[in-house]
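Sequences listed follow chains A and B, in order. Sequential numbering from 1 applies to the first sequence in UniProt numbering. Sequential numbering from 1 applies to the second sequence in UniProt numbering.
No lab work stands behind these hints: they were computed from the structure. Please note that a few of the clues may not be correct.
[Unchecked claim] Result set (EDC-like, lysine to aspartate or glutamate): computed pairs, CA atoms no more than 16 angstroms apart in a straight line:
1. A:Lys328 to A:Asp367
2. A:Lys483 to A:Asp619
3. B:Lys201 to B:Glu182
4. A:Lys744 to B:Glu125
5. A:Lys744 to B:Asp76
6. A:Lys634 to A:Glu723
These numbers were taken from a predicted model, which means no experiment stands behind them.
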Amino acid sequence: MSSESGKKRKPKVIRSDGAPAEGKRNRSDTEQEGKYYSEEAEVDLRDPGRDYELYKYTCQELQRLMAEIQDLKSRGGKDVAIEIEERRIQSCVHFMTLKKLNRLAHIRLKKGRDQTHEAKQKVDAYHLQLQNLLYEVMHLQKEITKCLEFKSKHEEIDLVSLEEFYKEAPPDISKAEVTMGDPHQQTLARLDWELEQRKRLAEKYRECLSNKEKILKEIEVKKEYLSSLQPRLNSIMQGLAVLPRLECSGTIWAHCNLRLPGSSNSSASASRVPGITVTQAALELLASSDPPASASQSAGTTGMSQGTLAASLPVQEYLFMPFDQAHKQYETARHLPPPLYVLFVQATAYGQACDKTLSVAIEGSVDEAKALFKPPEDSQDDESDSDAEEEQTTKRRRPTLGVQLDDKRKEMLKRHPLSVMLDLKCKDDSVLHLTFYYLMNLNIMTVKAKVTTATELITPISAGDLLSPDSVLSCLYPGDHGKKTPNPANQYQFDKVGILTLSDYVLELGHPYLWVQKLGGLHFPKEQPQQTVIADHSLSASHMETTMKLLKTRVQSRLALHKQFASLEHGIVPVTSDCQYLFPAKVVSHLVKWVTIAHEDYMELHFTKDIVDAGLAGDTNLYYMALIERGTAKLQAAVVLNPGYSSIPPIFQLCLNWKGEKTNSNDDNIRAMEGEVNVCYKELCGPWPSHQLLTNQLQRLCVLLDVYLETESHDDSVEGPKEFPQEKMCLRLFRGPSRMKPFKYNHPQGFFSHR
Amino acid sequence: MERAVPLVVPLGQTEVFQALQRLHMTIFSQSVSPCGKFLAAGNNYGQIAIFSLSAALSSEAKEESKKPVVTFQAHDGPVYSMVSTDRHLLSAGDGEVKAWLWAEMLKKGCKELWRRQPPYRTSLEVPEINALLLVPKENSLILAGGDCQLHTMDLETGTFTRVLRGHTDYIHCLALRERSPEVLSGGEDGAVRLWDLRTAKEVQTIEVYKHEECSRPHNGRWIGCLATDSDWMVCGGGPALTLWHLRSSTPTTVFPIRAPQKHVTFYQDLVLTAAGNSCRVDVFTNLGYRAFSLSF
Chain A
1 MSSESGKKRK PKVIRSDGAP AEGKRNRSDT EQEGKYYSEE AEVDLRDPGR DYELYKYTCQ
61 ELQRLMAEIQ DLKSRGGKDV AIEIEERRIQ SCVHFMTLKK LNRLAHIRLK KGRDQTHEAK
121 QKVDAYHLQL QNLLYEVMHL QKEITKCLEF KSKHEEIDLV SLEEFYKEAP PDISKAEVTM
181 GDPHQQTLAR LDWELEQRKR LAEKYRECLS NKEKILKEIE VKKEYLSSLQ PRLNSIMQGL
241 AVLPRLECSG TIWAHCNLRL PGSSNSSASA SRVPGITVTQ AALELLASSD PPASASQSAG
301 TTGMSQGTLA ASLPVQEYLF MPFDQAHKQY ETARHLPPPL YVLFVQATAY GQACDKTLSV
361 AIEGSVDEAK ALFKPPEDSQ DDESDSDAEE EQTTKRRRPT LGVQLDDKRK EMLKRHPLSV
421 MLDLKCKDDS VLHLTFYYLM NLNIMTVKAK VTTATELITP ISAGDLLSPD SVLSCLYPGD
481 HGKKTPNPAN QYQFDKVGIL TLSDYVLELG HPYLWVQKLG GLHFPKEQPQ QTVIADHSLS
541 ASHMETTMKL LKTRVQSRLA LHKQFASLEH GIVPVTSDCQ YLFPAKVVSH LVKWVTIAHE
601 DYMELHFTKD IVDAGLAGDT NLYYMALIER GTAKLQAAVV LNPGYSSIPP IFQLCLNWKG
661 EKTNSNDDNI RAMEGEVNVC YKELCGPWPS HQLLTNQLQR LCVLLDVYLE TESHDDSVEG
721 PKEFPQEKMC LRLFRGPSRM KPFKYNHPQG FFSHR
Chain B
1 MERAVPLVVP LGQTEVFQAL QRLHMTIFSQ SVSPCGKFLA AGNNYGQIAI FSLSAALSSE
61 AKEESKKPVV TFQAHDGPVY SMVSTDRHLL SAGDGEVKAW LWAEMLKKGC KELWRRQPPY
121 RTSLEVPEIN ALLLVPKENS LILAGGDCQL HTMDLETGTF TRVLRGHTDY IHCLALRERS
181 PEVLSGGEDG AVRLWDLRTA KEVQTIEVYK HEECSRPHNG RWIGCLATDS DWMVCGGGPA
241 LTLWHLRSST PTTVFPIRAP QKHVTFYQDL VLTAAGNSCR VDVFTNLGYR AFSLSF
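The following block holds chain A by itself, in its conformation from the complex:
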């Protein structure tokens, strides 16, 4: 059966096998020469099952053919060879087929291997991915468990209970409407509250500690004081035994001892026993002596024995009852020379009546003053009476000894050993210390001044002279520069000893200002030298108030200037908020430089001639140079600062360097700008006492420069845009015969108009 079907199929197969192969070859021969036969492509087209069947069929055929050949050979014969040959050809064909099939099988195998390999690789990749994912899952699980196991520290903190929290915590912490529903927010709020409370407690703790320390210190001081009191009490006891009668100090002891036991503790027990006895003694004495007030008065006038005074001093100090100090001061005052005495009495009186910030003290040694007490009259007689004699002596000495002349000068300029100290306290806790001296032989008073401030000032370079003792009081009254002696008689005295002017000695002696003489009640008429000048109370009294007020305003204005200078040097014009309305919001020009210049330099400037000619540039003034810039325009301003600032305004002279040099002599508008700051300064004073004047004037200059530059008519011959576009609002650019620019600033509306 199978052989029959195989027989039938074989030629068919060969045909089918050959025909396409032939066809292909033909096609490739005729059409596509480059393409050659590919067995691998053929593999895909063929069915392996069929191939297998073909293989089986071919094998059977081969077996059959071999068997036939063997049959034929064994039979033998002539025509056998031909048959064998035919059979051999057939079997060769079959071999070919087998070879072909073998090749195909190889290719298939290879393909199958490749596919398997590919599949295997894929599987490997999937496996790796799976491993990764598994690892990740594991890690996440670990993390989750870690998070789940996390314990916050706050759980260990012992918080106040919920009810208490809502009751006590301020609403801005508790925020009931938010926290009631949200347990997390609630816990946060509770923690906040806890922190707040703990902070408070810490603060309290610190306070208590410092308090404790303070109290400890106080106790220490009191203990020390009490222990020091013991020997003094003993000495008083002895004094008591000696003195049969005791006046006011007895009553003070009584007060003292009544109070002491309460305020002290253990150490007081030692003093308690004598204390009580003294109290009793004093009380007994009180009954017999005068009432305390009159007693103290009598003590002031008659004086007490030194021993008891010294002993009672600490008690007085402790009780803040400086009877004795005042008494002592009055005692010392008796040794003051008359002018200083007048000053002392008037200043004390003024201080008590009108000005609590004024304190008066006497400095110097009383003994020296006492020693002087007698000789002065003789020496004064010497100098005033016997002029002829003096002349003779000087004539005799002059050619021989210059040293003696020096001594004579020193003697002439000698000041009284006692001096009066006035401390004038201003509102901002800065203090003006004035020390008044009396030059005995010249019969004039001098003063040295010193300013101390509450806070340490950073001293700007340009403010050097503002607070120097040499110039701070200069020209308190107009023209009173304190460089020469106010006593005309001194001139003759100077001639004798060869002193040219007092000004060489002023630094050492202090300044003999006129107002100082007036405070001391010394009055020197200008026309005629007068030999006898007596200290006069009424003169001093009439000048005291105005002078004190002037002194105060002087110090305050100097301090204000000092502050302003500090920022001016850094190119900032410190306009205060209450003066802001004087200026427009936008000011482009700015201060570049602020330096102090010497008087001589000022005199030499070419644009300050008018001020010098008008006599406004005296050598007592301070001189500054300011430089204001905007773009290429530079405005120099030479400033004269009168010592009487701010009642006498600073005077500005301008010189503009822009398209040539412009000063008041060649530009009317520069002149008008000077007028705006110099003459119309009253608008710029600001709030009383107008310490801001200088700053405001400088800021005004900046504004004026802006207006000047912006309204400058554009020269048609020059191409290009204006350097300074007009930003300020002006009603008209020019007005009036003088063609002034609109320099006046109108505050709320903010436009510029003409004055």
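With the hints as your guide, set chain B onto chain A.
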């Protein structure tokens, strides 16, 4: 020697202020009294000072006689213009004209006789009156200034009768040609315009800045002052102070003053002129020679 040191005059607050005021003073207007003995001068502070010309010009003139006889506060703003009638001194400044009696002015504390304000269109700023001019033939006063117009005021009734319009910028100065009833006006726009009073029309325009002899472009083109005696006209300002022949409208003499702004007056053969940025009144004679200066 201490005695030899010159006495420095102590300067108090008021002295310093006065000195500064004097330094920054500008004299805007002047007027000679009808009797010819006094000169009134008005400054930028609104003060009017009366000088005695006869004393200052006399042979024994001292420093004292060059000081004002009397000074008083006339206006709030600067006194830009003054003219004298046979009895009155009329002064004008910020939008108002005031009349003073010459006879009473030398006394202390005199008050103005009357004050008038020309009809202005309302504006944020009151326009100033820069120039006053008397027209004796019709007994009227011409005012000109900030509103670029010439107002005519009848002195009899005190009412404003005419308005002459033509200037494009504000008017600095006015002058009258007496022989023909014509008024000259010079303004910021650089033109001197001639007005015929009968027809109230502009007759002639001289644009001074266009003439090379006197034009000074760096100072601008404005005409600051103007005076005429019918044939001749002096005008100056941005352009140099120049004498013009009116009929031929040609410049003849250029005066040697460098600073731009001036006030100028013909008085017989004198030219009185006050330079704007000083406190002096220069007196020229023979059209070009500076004789002397008066000072505040």
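**Satisfaction of hint between Asp619 (chain A) and Lys483 (chain A), Cα-Cα up to 16 angstroms** = Distance of about 11 angstroms is within 16 angstroms: holds.
**Message:** Would the hint linking Lys744 (chain A) and Glu125 (chain B) be met if the CA-CA limit is 16 angstroms?
**Reply:** Holds: Lys744 (chain A) and Glu125 (chain B) sit about 12 angstroms apart, inside 16 angstroms.
**Asked** Does Lys201 (chain B) pair with Glu182 (chain B) here, judged by a C-alpha cut-off of 16 angstroms?
**Response** 10 angstroms, holds
**Item:** Given pair status - Asp367 (chain A), Lys328 (chain A), alpha carbons within 16 angstroms
**Value:** 14 angstroms, holds
**Message:** With the threshold set at 16 angstroms, check whether the alpha-carbon distance from Lys744 (chain A) to Asp76 (chain B) stays at or below it.
**Reply:** Measuring from Cα to Cα gives roughly 15 angstroms; hence the hint holds.
**Prompt:** Lys634 (chain A) and Glu723 (chain A): Cα distance at most 16 angstroms?
**Reply:** With Cα atoms ~14 angstroms apart, Lys634 (chain A) and Glu723 (chain A) stay inside 16 angstroms; holds.
Figure legend: structure checked against the earlier numbered hints; every hint is met.
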